[in-house]
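Protein chains in written order, with my numbering: chain B, 60 to 377; chain W, 11 to 279.
Simulated from the structure, these hints should not be mistaken for lab results.
Check before you lean on any hint, since a few could be wrong.
Derived EDC-like pairs (lysine to aspartate or glutamate); straight-line CA-CA distance at most 20 Å [what the hints assert, rightly or not]:
no. : chain 1 : residue 1 : chain 2 : residue 2
1   : B       : Lys332    : W       : Glu271
2   : B       : Lys140    : B       : Asp121
3   : W       : Lys79     : B       : Asp278
4   : W       : Lys79     : B       : Asp120
5   : B       : Lys283    : W       : Glu271
6   : B       : Lys309    : W       : Asp78
7   : W       : Lys79     : B       : Glu271
8   : B       : Lys140    : B       : Asp169
9   : B       : Lys272    : W       : Glu110
On the chain W side, residues computed to face chain B include the following (Cβ under 7 Å) [as the list claims (entries may be wrong)]:
no. : residue
10  : Ala23
11  : Leu75
12  : Glu170
13  : Phe199
14  : Gly201
15  : Val203
16  : Phe204
17  : Leu266
18  : Gly269
Virtual Cβ for every residue (Gly too), placed ideally from N, Cα, C.
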Amino acid sequence: MVALLERVFPEYRQVSASQIQTELNMFRQDLLGGLCQVSYPSGETYYLFYIEGQLIDFYHDDLQQVVRLENVNPAPFFAGKGDAQLRVCTLSPRLFRHLKTLIYRPREIDHLSVQTNRLMAVLDNYRKNEQPAFVHVIWPSAEGFTFLPGKGLPAREFLFLSDSQSQGSGLGVTILSRWPEAECELFYYSCDLTQEVWKENFISLGFTIVFEKLLNRYDDLVGKTLVLRLENNLSSAARSQALNIAFADKSIDDTHTFFTLSDAAAAYRSLFKLASHQMGAVVGPRLVAQALSDALNEISPTIFDFLSEKRIFEITSQ
Amino acid sequence: MLYQRRLVIFGSAIVLSVLMTGAYIFFYQFSPLDDSQTNLILNALTVSSASLSFVAVMLLVLNYLPSDKPFGIWVDFASGLFMWMVAEIVWSYYAMSMDEVPSPGLADIFWVGGMLFFTLGMYRQYRLVAQASPKFWVIPLFWTIVMIVTYFVLLATGSEVSSENYIEYFYAVSDFGIGLIALRLLLYFNGGVFARPWIGMFVFGVSDALYAVANASGLYSFSITTGNWISLLVDTTYIIAYLFLALSFFAQYLLLRFGPEAFLPSHEF
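Use the sequences and the hints to build the structure in full.
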């Protein structure tokens with residue numbers, strides 16, 4: 060597995076079990092966010108993801124497999140485990156799914172050394188593949204991550220980390236080709252629906268891609284005034300449900316971290332239901348259904364099947 | 011609250027339309043004033059109803075951005091209804107100042123011009139909803155078919171082949187054709203507020219079809235002479251068609267102004 064964030068967060072500390080507990084308690088009390096990595100001499104590693112002091116995900120990698128630990132209180136968990144290497148990465152929650160994807164050791168399909176100015180051309184080529192994939196790009200002092208949804212769709216959820224941008228940023232993927240370091244390593248990973256993180260990836264990617272296509276089609280039919288109203292209503296509904304999902308300019312900024320896949324499915328379903336109801340009142344349910352069908356036909360069959368299974372985009376008669 | 015507010019505003023518009031229709035029927039059927047005054051009122055009501063539909067579609071145009079794809083559609087309809095409003099004014103002037111309105115005349119130029127704009131607007135709308143790109147020549151093809159069918163309808167009714175009779179049947183056939191296209195568009199938007207303008211255009215088709223049937227059978231001129239209900243029905247549906255169109259554009263304007271929440275009760279929103 061490619062070393063994670065070594066370029067940006069190279070600092071490890073030798074700590075005792077009690078120091079680990081102190082560090083984790085500090086995360087909780089100070090409402091900190093980011094990744095705590097605890098590595099033991101045996102090679103096993105623990106990854107803890109925090110948002111505002113709350114533990115969101117807890118993984119154990121024993122070099123054989125990666126297991127998500129649930130209902131575990133982390134501080135006492137490490138009590139009898141001895142000394143370890145600790146690394147704390149202060150990160151935006153936007154990066155979590157990308158990092159979790161790498162933690163699960165996805166199957167590496169391709170590994171290239173690429174000139175930075177040719178990177179976009181390489182990504183364009185990968186983009187045409189039918190299956191969704193994950194791309195990790197590493198420079199000497201920066202890393203980039205992006206998802207390729209498959210079936211020719213543009214790269215999504217691009218994130219970039221460097222010494223000066225250690226929080227990650229939602230910039231356009233074209234920034235990759237403007238990074239000053241001339242060469243990079245590109246890792247191309249396949250999707251794997253047996254891994255929980257890929258289900259999270261699919262549900263988030265699928266929701267944003269399909270919904271954005273719906274909004275674009277709605278804009279064609281009704282114009283910007285009504286699209287803006289819909290976006291405001293959706294953003295308001297998301298806020299009322301304490302979701303970090305914003306709708307603007309016919310795009311969705313989804314930075315919410317769900318505890319479970321069911322929570323995500325329920326949230327997305329309710330937002331789509333609200334949107335389809337309002338769109339249907341304006342242009343009629345037939346055009347909404349047609350727009351949805353067209354949008355679903357443009358995504359990868361793998362993501363489509365998953366969304367269908369989770370019934371995210373069901374249209375119910377009003 | 012927006013829902014109730016929209017109901018009050020739209021309800022007021024419906025009340026106005028009903029009052030105008032009621033006044034038209036009253037003066038048409040009972041003629042409480044002398045002929046010239048009655049004609050003035052009836053023509054004023056017709057011109058007013060045409061004007062209301064123009065004003066309503068202009069409200070729509072002014073609430074779209076020029077970059078919005080529907081903007082061009084409603085500019086076409088505004089142009090068409092402006093021409094029809096002018097046509098009604100010209101025709102009313104002729105009707106009140108001359109013994110017989112010239113046919114074909116200046117008013118017909120504006121009516122036909124208005125129809126050309128309507129077909130252009132419907133062509134744009136069809137391209138948008140069907141996501142199809144029919145070639146632009148379908149518009150001249152449509153009008154060619156209308157003109158040919160009009161000729162054959164004229165022959166079939168046994169009417170004298172004159173320009174006056176031709177233009178009478180031309181309106182009926184063209185409105186019917188436009189009504190069919192409107193019905194097709196209505197099916198796309200069925201269930202949504204955006205369906206309403208197409209209902210309005212379809213109603214115009216029905217109105218002119220009624221007139222064509224009554225005129226062809228001679229019932230219309232007989233009814234005018236004897237004052238029975240047929241001419242009243244035909245002429246009243248004409249004004250109702252304008253008012254219906256005005257209400258449908260107004261509904262879409264209210265949608266743009268207040269949003270879909272004004273059309274959904276709060277428990278559904």
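Quick rundown of the hints versus the structure:
1. Restraint check for B:Lys332 and W:Glu271: satisfied, since their Cα atoms lie roughly 15 Å apart, inside the 20 Å limit.
2. Restraint check for B:Lys140 and B:Asp121: satisfied, since their Cα atoms lie roughly 14 Å apart, inside the 20 Å limit.
3. At most 20 Å may separate the alpha-carbon atoms for a hinted pair to count; W:Lys79 and B:Asp278 meet this at roughly 8 Å.
4. Distance hint between W:Lys79 and B:Asp120 is unfulfilled; the C-alpha atoms sit about 53 Å from each other, more than 20 Å.
5. For the hint pairing B:Lys283 with W:Glu271, the CA-to-CA distance comes to about 16 Å; that is within 20 Å, so the pair holds.
6. Only pairs whose Cα atoms come within 20 Å are accepted, and B:Lys309 paired with W:Asp78 is accepted, the gap being roughly 14 Å.
7. Taking the CA atoms of W:Lys79 and B:Glu271, the gap is about 18 Å. The hint holds against a cut of 20 Å.
8. Using a Cα cut-off of 20 Å, the hinted pair B:Lys140 and B:Asp169 is violated, with the two alpha carbons roughly 37 Å apart.
9. The straight-line distance between the Cα atoms of B:Lys272 and W:Glu110 is roughly 58 Å, outside the 20 Å bound, and the hint therefore fails.
10. The beta carbon of W:Ala23 is not positioned within 7 Å of any beta carbon in chain B (closest approach about 19 Å), and the interface hint is therefore violated.
11. Interface hint at W:Leu75: satisfied, since its Cβ lies 6 Å from the closest Cβ of chain B, which is below the 7 Å cut-off.
12. Because the smallest distance between the Cβ of W:Glu170 and any Cβ of chain B comes to about 46 Å, over 7 Å, the interface hint for this residue is violated.
13. Interface hint at W:Phe199: satisfied, since its Cβ lies 5 Å from the closest Cβ of chain B, which is below the 7 Å cut-off.
14. With 7 Å as the threshold, the beta carbon of W:Gly201 comes within range of chain B, its nearest partner Cβ sitting at about 4 Å, so the hint holds.
15. Residue-level restraint check for W:Val203 holds (minimum Cβ-Cβ distance to chain B is 6 Å; threshold 7 Å).
16. A cut of 7 Å between beta carbons decides the hint on W:Phe204: the least distance to chain B is about 5 Å, and the hint holds.
17. Annotation: W:Leu266 was flagged as interfacial toward chain B, and the flag holds, the nearest CB pair being 5 Å apart, inside 7 Å.
18. For W:Gly269, the suggested interface contact is upheld, since its CB lies about 4 Å from the closest CB of chain B, less than 7 Å.
Against the hints set out earlier in the document, violations occur for numbers 4, 8, 9, 10 and 12.
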